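Visitor: Spelled out from the first residue to the last, the chains are:
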Amino acid sequence: MNTPGESKLWHKQSFKDHVSAYLYLLPFFLIFGIFTLFPVFWSAYISFFSWDVLGTKKYIGFQNYIWLFTDDPKFWKSVLNTFSIWLMSTIPNLFLALVLANILNQRFIKGKKLFRLGVIIPNITSLVAVAVIFGSFFGYNYGLINYFLSELGLDKYDWGASYWGAQFAVAVMVIWRWTGYNAVIYLAALQSIPADLYEAARIDGASRTQQFFKITIPMIRPMIIFTVIMSTIGGMQLFVEPLIFSGPTGGPEGQTLTMVLYLYTEAFTNNNYGYASAIAWMLFLIILLFSMFNNFLTKKINSAQ
Amino acid sequence: MKSLQRLLTYSLLILTFLVSVFPFYWMLVIASHPTSEANKFPPNFIPGDLFITNVQTMLDQIDFAGALLNSVFVSTTVTIAQLFFCALAAFAFSRLQFKGKHFLFVFIIGTLMIPGQLGLVPSYMIMTRLDWINSFNALIVPGLVSAFGIFWIKQYMDTTLHPELVESARMDGCSNFQTFWRIALPTISPAMATLAILTFMYQWNDFLWPSIVLKDSAVHTIQIALRNLNKVYFRDVSVIMAGTFLATIPLLVVFVASSRYFISGITAGAVKG
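Residue numbers (the numbering used here), protein chains in the order written: chain V, 1 to 305; chain Z, 1001 to 1273.
With the rest of the complex left out, here is chain V (with noise of 0.2 angstroms):
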């Protein structure tokens, strides 16, 4: 923002200065008015018609919607795939980023850099690194975790094949791979908190977890609702993780088709143009939808705050 007395000394500015600014704003909106806003309009067109790849095309009006509300079962699935995985992936990850942030905000704790250095790094791996990891860890055969599971004696688990597993294993490489981002910014947050104010509940007699809850989360809240925004968006648009854990149908019975993967297989894989768009747009719904949800949450929070 302008202060006012930056806003004179720039009151002088000449007809050159504004077409320098437009000249220097142009390559922004000459990118995203042809590479984003076009495609976004032009997806809602197209999904009013039956088109593939021949270019066979006819216009069908509303029917492409209509068919995924009444007749597709597969749509709905991966809808409801998206929301479970994002379930099983957000309330841990966020619960134990606010433990681990909470930790390395000790002040007796050595070697702070080495940790914050550690538990980040997930972060920046290639999801395609981390579903090829995880995809050995959470093998049949000879994975890692069904090796543990026989040493304490108990059976293997088939992970990929059955509905909880596979989805189970894509919110473990979702949590692994953000917990520790979450828990930097919960850091952060927790370092901006002034120290008197657990001196002085401190010498009000309340209790670690009194302080916990009177304090710190209070005083965190707008970065936790950032968070939550953020897994929410992340875990919307879930597409990697699952498709090379068990492959563009999501597994044999598509346990992990999100939204995404699902628009993905349609549009190139059976190149069924005009009906990706309309998941498309249903899926622009849906994260609308659930974003207002999220924002009136929010609103409602910090009202009995």
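No lab work stands behind these hints, which were simulated from the structure alone.
All values derive from a computational prediction rather than experimental measurement.
Among the clues, some could well be false.
[To be verified] Taking beta-carbon pairs under 10 angstroms as the criterion, some of the chain Z residues facing chain V (in silico):
| # | residue |
| --- | --- |
| 1 | F1085 |
| 2 | F1093 |
| 3 | L1096 |
| 4 | K1099 |
| 5 | M1113 |
| 6 | V1121 |
| 7 | G1143 |
| 8 | V1237 |
| 9 | L1251 |
| 10 | I1266 |
[Unchecked claim] Rough simulated footprint, nothing fancy, chain Z against chain V, three-plus residues with beta-carbon under 8 angstroms:
| # | segment |
| --- | --- |
| 11 | 20–29 |
| 12 | 180–190 |
| 13 | 231–244 |
| 14 | 260–274 |
Ideal Cβ positions, reconstructed from N, Cα and C, are used throughout, including at glycine.
For chain V, the structure is supplied; the task is to place chain Z on it using the hints.
Guide: For chain Z alone, coordinates are given in the frame of chain V:
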């Protein structure tokens, strides 16, 4: 009591650390044994001596060096372009006055809400018409400038680039572009460093879009090459892991070298977000 608590805290921390790092170690373990070893119970937890052999097999199966070079080329180009174009636009928003400034800025922030997959099919069709399938243009041109980058740099410029400095540069006869190039750019280098790391990593790890537009193996980026290795040779776990491990190293090195910026970068972003 207190020492017990410390012991517990440290154990928890070390456990988390091990869980974070273990997959990398496990990659190396599998990559340095024959595949038959990976398909055996109990598994071997100590690295073997076949890493080079597995790497050689992997090199015979995919053009690893070529894919790596492609990734370096695309990621570097996109990063440099974004630094330049985003800083330029941010400069206009931060230090120039023009009609519609506020509206345009709000519009740019608003564009962040559009999910990337929404225009996936038409984007592919545009690339087909432009004849950019199998061309790096398909990756580079749409990534030349980003709303996030503009927002990021603008926020930083607002607080660090003093108006007096800009004003005096103009008094001395600098044009707007000279002011941007000589005065603004040097002062925002920390924000540029963070944006560079974020952009580079995002581009390097991107999978969905490259997998759609880069069909020919000669133009595959490293992620797509790895995925193909996984798809075609899925029985050969050791070879896959050798490739994955080798492909992870460059980014790890870049990251550890620049982690200071990265960590301060994500936390600064979080504060503003």
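Visitor: Evaluate each hint against the coordinates.
Guide: Each hint tested on the structure:
| no. | hint | in the structure |
| --- | --- | --- |
| 1 | F1085 | 5 angstroms, holds |
| 2 | F1093 | 8 angstroms, holds |
| 3 | L1096 | 4 angstroms, holds |
| 4 | K1099 | 7 angstroms, holds |
| 5 | M1113 | 8 angstroms, holds |
| 6 | V1121 | 5 angstroms, holds |
| 7 | G1143 | 8 angstroms, holds |
| 8 | V1237 | 6 angstroms, holds |
| 9 | L1251 | 6 angstroms, holds |
| 10 | I1266 | 6 angstroms, holds |
| 11 | 20–29 | holds (count 7) |
| 12 | 180–190 | holds (count 7) |
| 13 | 231–244 | holds (count 6) |
| 14 | 260–274 | holds (count 6) |
Hint violations for this structure: none, all hints satisfied.
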